[in-house]
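Colleague: Letter by letter, the chains look like this.
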Amino acid sequence: GDSVTQMEGPVTLSEEAFLTINCTYTATGYPSLFWYVQYPGEGLQLLLKATKADDKGSNKGFEATYRKETTSFHLEKGSVQVSDSAVYFCALSHNDYKLSFGAGTTVTVRA
Amino acid sequence: EAGVTQFPSHSVIEKGQTVTLRCDPISGHDNLYWYRRVMGKEIKFLLHFVKESKQDESGMPNNRFLAERTGGTYSTLKVQPAELEDSGVYFCASSQEGVVGNGYTFGSGTRLTVV
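Going line by line, the protein sequences match chains A and B.
The numbering used here numbers the first residue of the first sequence as 19 and each following residue consecutively.
The numbering used here numbers the first residue of the second sequence as 4 and each following residue consecutively.
Just so you know, these hints were derived from the structure itself, not from any lab.
Honestly, I wouldn't trust all of these hints.
Computed footprint of chain A on chain B, listed as stretches where at least three residues anywhere in the stretch have a Cβ under 8 Å from a Cβ of chain A [what the hints assert, rightly or not]: (1) 27–40; (2) 44–50; (3) 92–102; (4) 108–117.
Positions of the beta carbon are idealized from the N, C-alpha and C atoms, including for glycine.
Next up, chain A with everything else stripped away, as it sits in the complex:
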């Protein structure tokens, strides 16, 4: 079955540092890939997505590129802010109604 593996946290960074969260997946076919974010006290929000190989998803300064050859979808941001403190989840879907998530990575950014 499908599975998503992301780097374990927690990750603690200083403001303006570079953030990368690794995500790899195992799946049949060509799934769509997602990053969701959960800010404290809020629901899961879609951060970015990519639907085919070599696509780059981007939003709020975050980027991730769908790499089929390495089955990866690493999340990056060049300069984090305190407001980026959250739990980040990598996920995949076979373009249907169901998401398969990774375990989540807690990121704390200190001023």
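Got chain A; can you put chain B on it based on the hints?
Modeller: Chain B only, in chain A's frame:
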């Protein structure tokens, strides 16, 4: 537009008791989903409703869990009797189309602690 609303936000119950979680989807969303995150692990799919019908309940862990969506509006997820391993965060999501995408909206979750 109101988002997906879940309540309670937190619930602490004793092992063997019953708990009912509620989810109010976005108005007009026929598709409703339940997910669960246990002990900081991955978020796992539980089931999918289309209106009042269960389309996929393959993720329901056992028969202590009962989900309903009478009238195709709000949904409830009942755990009876609760066990320690049921502790976790239960998320609900809804969408107009039955496909993951921009319109697939999650609630803030119910944190269930069984002691």
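Colleague: It remains to establish, for every hint, whether it holds in the given structure.
Modeller: Okay, the hints, checked on the actual structure:
Counting residues of the segment 27–40 of chain B whose beta carbon lies closer than 8 Å to any beta carbon of chain A gives 4, which meets the minimum of three for the stated coverage. Counting residues of the segment 44–50 of chain B whose CB falls under 8 Å from any CB of chain A gives 5; the rule of at least 3 is met. By the rule of at least three residues with a Cβ nearer than 8 Å to a Cβ of chain A, the coverage given for the segment 92–102 of chain B holds, with 5 such residues. Evaluation of the coverage hint for the segment 108–117 of chain B: fulfilled, as 5 residues show C-beta separations to chain A shorter than 8 Å, against a requirement of three.
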